[in-house]
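One letter stands for each residue in the lines below.
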Amino acid sequence: MSQNPLERLHQLADTMKTKLEKVANKLSQLPKTPQAGDIFRIDNQKTIGLLQWVLLYSQAEQWFIVPADDNPMTGTTDIAISEKALCGPLTLRCSQGIWIPETNLDLSLRVGVLENWHLYRAIDKVKGKIQSTAWQRETEADPEYEEWMEQVIQERETLKFKKPVVNLIQWFQNNFADWLELNRIPTNLAFLPVRTKAVKRAKEINLGKDYKVVLVLDIRKFDNENIEVVFWLCAEQTALPKNIKFTLFDKSSGIDREKTANGTEKYLNIKWSFSIKEEFCIAIQLDDVSFTESFML
Amino acid sequence: MAKIIKDEVRSKWQSLNLALECDEFNQIFKQLDNIAEPLKFDTTDEQWESWQNLIKQINNDIDNMNCHSKVRQRIFEEFQLIVTLIEEDQEPPSQAQLAKYLKIPKNTLNQDMKRLRKLLLQRPNTREI
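As they're listed, the protein sequences go chains Z and P. For what it's worth, the numbering used here labels the leading residue of the first sequence as 13, then goes sequentially. For what it's worth, the numbering used here labels the leading residue of the second sequence as 2, then goes sequentially.
Hints are computed from structural coordinates only; laboratory data are not their basis. Take these hints with a grain of salt, some might be off.
Stated by the list, open to error - To list a few chain Z residues with every Cβ distance to chain P over 10 angstroms, as calculated:
hint, residue
1, L62
2, S94
3, T145
4, F303
What the hints assert, rightly or not - Examples of chain P residues toward chain Z, derived with CB under 8 angstroms:
hint, residue
5, E38
6, F42
7, D43
8, T44
9, E47
10, S51
11, L55
12, C68
13, V72
14, Q74
15, D90
16, K119
Model, not experiment: these values are computed from the prediction. Every residue gets a Cβ at the ideal spot worked out from N, C-alpha and C, and that includes glycine.
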């Protein structure tokens, strides 16, 4: 016997209400910091609100997040979350993940949470440990699926947060943003042979597992067109860890300069000269954690 | 008249056989689902790892099956589908639906399920609970 449509509507509304109450209850029990498995909405003027974002794992104050939507079409790199899950049904687009700084996550926009079971599935999918099915391979070739994924990619692109570029010319005008004087950094940098007449600033960098290093720049003007920069990478503890890589990419000339610690040095340094309007960046890599900072003159 | 009766008995016998054969897929599904179901609410790292290891072991067993590589590949695909259905918390389809979806004859699927069930019975943690 078919159900009265109005009764069915009431039933659906009740089910939805119960589910929302459960989600709200679960969210109220969560810590007041972002956690793996959290589902966020991210406010951005350019997005059309097609997606939610699931936090999978973090490194050095950055989160790897994957987009999620309610389109049931599942390709080879997607994970379907059934409606039995607290926040299901959802489809996680695991090949479309991006890294974003934790500071870009607004806790008031945390809208749900994934059960561990589904979180592990998504992480394993990202790492290529879960195989796809014939059905998913077929879906991948479906033009409707391709069209949907284009929209997902388009929305994802609007969320790629670009780290601000550090303008070193502003340092000569006493505008240092979040770069601190050397004596205001908790690590004692007295041993560092920085140039006395140069402008010097430092920044602590977290490379994960509570391991920190300090990046120091001392810059000096040759003339109005050219400056000389010394980049210092200093250990917070006794010595820099073996195999930590310190690289300078000069974007204008395309030249790279790389130094690797052997486990005994307290610091590494790279000295380079730049002209006005040149852009360059510094990369620090320890195992699979990396940090980059871009600069311009 | 005798021919009609014989045909009817034969067709009833076939449908009875088919119904019994359907159990093969459902039993595999239930065996694995019994392991996975309690983990879906509160899984720990170790539990997830042991589930993944179990799947890997069965995949290895399929790899080592003494049969044609095309059959092995087909059983691997069928097993992958069962695992995905369980992990996604979906209702199991009937064996006939599964055969239709995989575009293979029901008898072939049933034979594959029998082989797969033999493998599962060799694994102590996948024996019927």
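Here is what the structure says about each hint:
At roughly 22 angstroms from the closest C-beta of chain P, the C-beta of L62/Z stays outside 10 angstroms, upholding its exclusion from the interface. Distance check on S94/Z: its Cβ comes as close as 4 angstroms (rounded) to a Cβ of chain P, failing to clear the 10 angstroms threshold; non-interface status is violated. At the 10 angstroms boundary, the C-beta of T145/Z falls inside the reach of chain P, the nearest C-beta of that chain being 5 angstroms off. Every C-beta of chain P lies more than 10 angstroms from that of F303/Z, the closest at about 27 angstroms, which supports listing it as non-interface.
Contact between E38/P and chain Z, as hinted, is not supported at the beta carbon level, the nearest pair being about 10 angstroms apart and thus beyond 8 angstroms. With 8 angstroms as the threshold, the beta carbon of F42/P comes within range of chain Z, its nearest partner Cβ sitting at about 7 angstroms, so the hint holds. Nearest Cβ of chain Z to the Cβ of D43/P: about 7 angstroms, under the 8 angstroms cut. The hint holds. Taking 8 angstroms as the C-beta contact cut-off toward chain Z, the hint placing T44/P at the interface holds, the least distance being around 4 angstroms.
At a threshold of 8 angstroms, the smallest CB-CB gap from E47/P to chain Z is about 11 angstroms, leaving the interface hint violated. For S51/P, the suggested interface contact is broken, since its CB lies about 12 angstroms from the closest CB of chain Z, more than 8 angstroms. The beta carbon of L55/P is not positioned within 8 angstroms of any beta carbon in chain Z (closest approach about 14 angstroms), and the interface hint is therefore violated. The criterion of a C-beta within 8 angstroms of any C-beta in chain Z is not met by C68/P, whose closest approach is roughly 19 angstroms, and the hint is violated.
For V72/P, the suggested interface contact is broken, since its CB lies about 15 angstroms from the closest CB of chain Z, more than 8 angstroms. Hint status for Q74/P relative to chain Z: violated, with the closest Cβ pair at about 11 angstroms, above 8 angstroms. Interface hint status for D90/P: upheld, as the beta-carbon distance to the closest one in chain Z is roughly 4 angstroms, under 8 angstroms. Restraint check, K119/P versus chain Z: the minimum CB separation of about 22 angstroms is more than 8 angstroms; hint violated.
Consistency with the previously given hints fails for numbers 2, 3, 5, 9, 10, 11, 12, 13, 14, 16, ordered from lowest to highest.
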